[in-house]
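J.: Here is how the chains run, residue by residue.
Protein chains: 2
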Amino acid sequence: MGRWEPNARGRLAEAALELYSERGFEQTTVAEIAKRAGLTERTYFRHYADKREVLFGGTELRDLLVGAVAGVPEDTAPIDALAVGLDAVSEMFDDRREHARKRQAVITANAELQERELIKLDSLSAALADALLGRGVPEPAASLSAETGIAVFKVGFERWISEAEERAMSLVMRDVLDELKALTAGGRTS
Amino acid sequence: MGRWEPNARGRLAEAALELYSERGFEQTTVAEIAKRAGLTERTYFRHYADKREVLFGGTELRDLLVGAVAGVPEDTAPIDALAVGLDAVSEMFDDRREHARKRQAVITANAELQERELIKLDSLSAALADALLGRGVPEPAASLSAETGIAVFKVGFERWISEAEERAMSLVMRDVLDELKALTAGGRTS
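In the order they appear, the protein sequences are chains A and B. Note that this note's numbering has the first sequence beginning at 1, numbered continuously upward. Note that this note's numbering has the second sequence beginning at 1, numbered continuously upward.
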């Protein structure tokens with residue numbers, strides 16, 4: 001016990017997703033996940049606080065999004081900073097579409113997992129707003145850009161994992177961002 | 001028992017908010033809420049499933065938003081339909097700013113209540129997307145407009161209940177909607 005297990009986090013996450021897909025989230029125990037990964041329950045709880053967290057454990061998405069937005073030149077418009085952020089996260093996802101589809105099917109089937117996902121997206125939005133504030137974007141533009149960016153991400157992600165969709169995520173995201181521009185330009189002038 | 005209690009729902013909601021504000025959400029029991037409202041626990045559970053639901057029980061917000069959006073003329077642009085929807089909900093809130101501030105302070109202090117709020121906003125977004133689909137707006141524009149509308153509502157609501165803010169909610173919402181238009185118009189042309 002306590003010895004270093006190579007890629008324990010990743011192995012546990014894969015095992016959990018497999019079991020949740022096969023048997024359902026409710027019907028799977030932590031003991032079974034650990035066993036499938038060739039690890040112990042104790043190792044599981046060193047990496048994840050509960051059965052839900054194993055599907056949401058990483059900070060990779062947030063780090064990529066926030067890092068990309070924080071790194072754009074000073075005079076970049078918030079909407080362009082969002083585009084850069086969405087490009088950065090798209091790269092991370094692109095070779096994982098089947099994994100993402102499987103994971104989303106598990107989440108959609110369980111109310112507790114949907115809750116956890118909404119909380120993660122909300123804290124992603126808060127981190128993005130902070131990054132924009134840090135670049136000098138004032139409120140409420142920072143929060144509004146962040147919430148809007150997450151809205152684009154949600155809608156784009158859902159489209160990207162839909163059955164018929166084959167385009168790379170970055171193209172889908174750019175499409176949704178253009179759709180947003182068209183939407184907001186389409187109304188009456190106030 | 002079982003006899004009709006005038007405005008039991010409203011009395012329970014008020015009593016719950018008072019007690020959650022005074023003692024905290026965790027420290028309040030359903031029995032105490034019922035007692036404060038001059039009702040029984042049994043009556044409480046006839047109206048609300050749990051301690052959280054009493055803060056989110058109504059469908060008034062959803063009905064107003066969806067009703068307003070469903071009622072706009074056929075050729076209205078989605079962004080203008082959103083503006084009409086936000087106007088309609090603003091009217092409902094405007095004489096309840098102090099109540100809204102108190103309620104939000106209770107929600108902000110408790111992770112479980114924040115979860116429930118996110119779920120309610122998510123189902124509000126889904127209902128709004130349905131209303132737009134029903135008016136002939138295709139996907140992904142319908143979902144994107146709905147998510148964006150909820151983003152505007154969240155940011156506008158937070159601003160409206162902030163300490164320094166005295167403008168009517170409809171003015172705040174219009175401001176945030178204009179801010180959104182400026183944001184999405186501000187970037188590079190793609």
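Please note that a few of the clues may not be correct.
Identical copies look the same in the list; a pair holds intra-copy or inter-copy alike.
[Unchecked claim] Listed below are the simulated DMTMM-like cross-link pairs for lysine to aspartate or glutamate, each with C-alpha atoms no more than 20 Å apart in a straight line: (1) K154 - E41; (2) K35 - D94; (3) K154 - E139; (4) K35 - E91; (5) K35 - D87; (6) K102 - E18; (7) K181 - E41; (8) K120 - D95; (9) K51 - D87; (10) K51 - D95; (11) K51 - E112; (12) K102 - D178; (13) K181 - D122; (14) K120 - E5; (15) K102 - D87; (16) K51 - E115; (17) K35 - D175; (18) K35 - D122; (19) K35 - E179; (20) K102 - D80.
Rather than coming from a laboratory, the hints here were simulated on the basis of the structure.
J.: Against this structure, judge whether each hint is valid.
T.: Checked hints:
1. Taking identical chains as interchangeable, the C-alpha atoms of K154 and E41 are never at most 20 Å apart, the minima being 33 Å within one chain and 40 Å between chains.
2. Proximity of K35 and D94 under a CA criterion of 20 Å is satisfied in neither setting, with 30 Å inside one chain copy and 56 Å between copies.
3. For a Cα distance limit of 20 Å, the shortest separation of K154 from E139 across copies, 13 Å, qualifies, whereas the shortest one inside one copy, 23 Å, does not.
4. Taking CA atoms no more than 20 Å apart as the test, K35 paired with E91 passes in neither setting, with 32 Å inside one copy and 57 Å between copies.
5. In this assembly of identical chains, K35 and D87 lie within 20 Å of each other by CA distance neither inside one copy nor across copies; the values are 37 Å within and 55 Å between.
6. Taking CA atoms no more than 20 Å apart as the test, K102 paired with E18 passes inside one copy only; the shortest distance there is 9 Å, against 44 Å between copies.
7. Proximity of K181 and E41 under a CA criterion of 20 Å is satisfied in neither setting, with 49 Å inside one chain copy and 51 Å between copies.
8. Taking the shortest alpha-carbon separations for K120 and D95, neither the intra-copy value of 22 Å nor the inter-copy value of 33 Å comes in at or below 20 Å.
9. For the homomeric pair K51 and D87, neither the shortest alpha-carbon distance inside one copy (30 Å) nor that between copies (42 Å) is at most 20 Å.
10. Taking the closest pair of Cα atoms, K51 and D95 never come within 20 Å of each other, the shortest separation being 25 Å inside a single copy and 44 Å across copies.
11. Taking identical chains as interchangeable, the C-alpha atoms of K51 and E112 lie at most 20 Å apart whether they share a chain (10 Å) or sit on different chains (17 Å).
12. Proximity of K102 to D178 under the C-alpha cut-off of 20 Å is found in neither arrangement, the shortest distances being 28 Å within a copy and 39 Å between copies.
13. Taking CA atoms no more than 20 Å apart as the test, K181 paired with D122 passes in neither setting, with 23 Å inside one copy and 22 Å between copies.
14. Proximity of K120 and E5 under a CA criterion of 20 Å is satisfied in neither setting, with 27 Å inside one chain copy and 41 Å between copies.
15. Taking the closest pair of Cα atoms, K102 and D87 never come within 20 Å of each other, the shortest separation being 22 Å inside a single copy and 40 Å across copies.
16. For the homomeric pair K51 and E115, the shortest alpha-carbon distances inside one copy (13 Å) and between copies (17 Å) are both at most 20 Å.
17. In the homo-oligomer, the alpha carbons of K35 and D175 never lie at most 20 Å apart, since the shortest distance is 43 Å inside one protomer and 55 Å across protomers.
18. For a Cα distance limit of 20 Å, the shortest separation of K35 from D122 qualifies neither inside one copy, at 33 Å, nor across copies, at 36 Å.
19. Proximity of K35 and E179 under a CA criterion of 20 Å is satisfied in neither setting, with 46 Å inside one chain copy and 52 Å between copies.
20. Taking CA atoms no more than 20 Å apart as the test, K102 paired with D80 passes in neither setting, with 31 Å inside one copy and 37 Å between copies.
Of the numbered hints listed earlier, those contradicted by the structure are 1, 2, 4, 5, 7, 8, 9, 10, 12, 13, 14, 15, 17, 18, 19 and 20.
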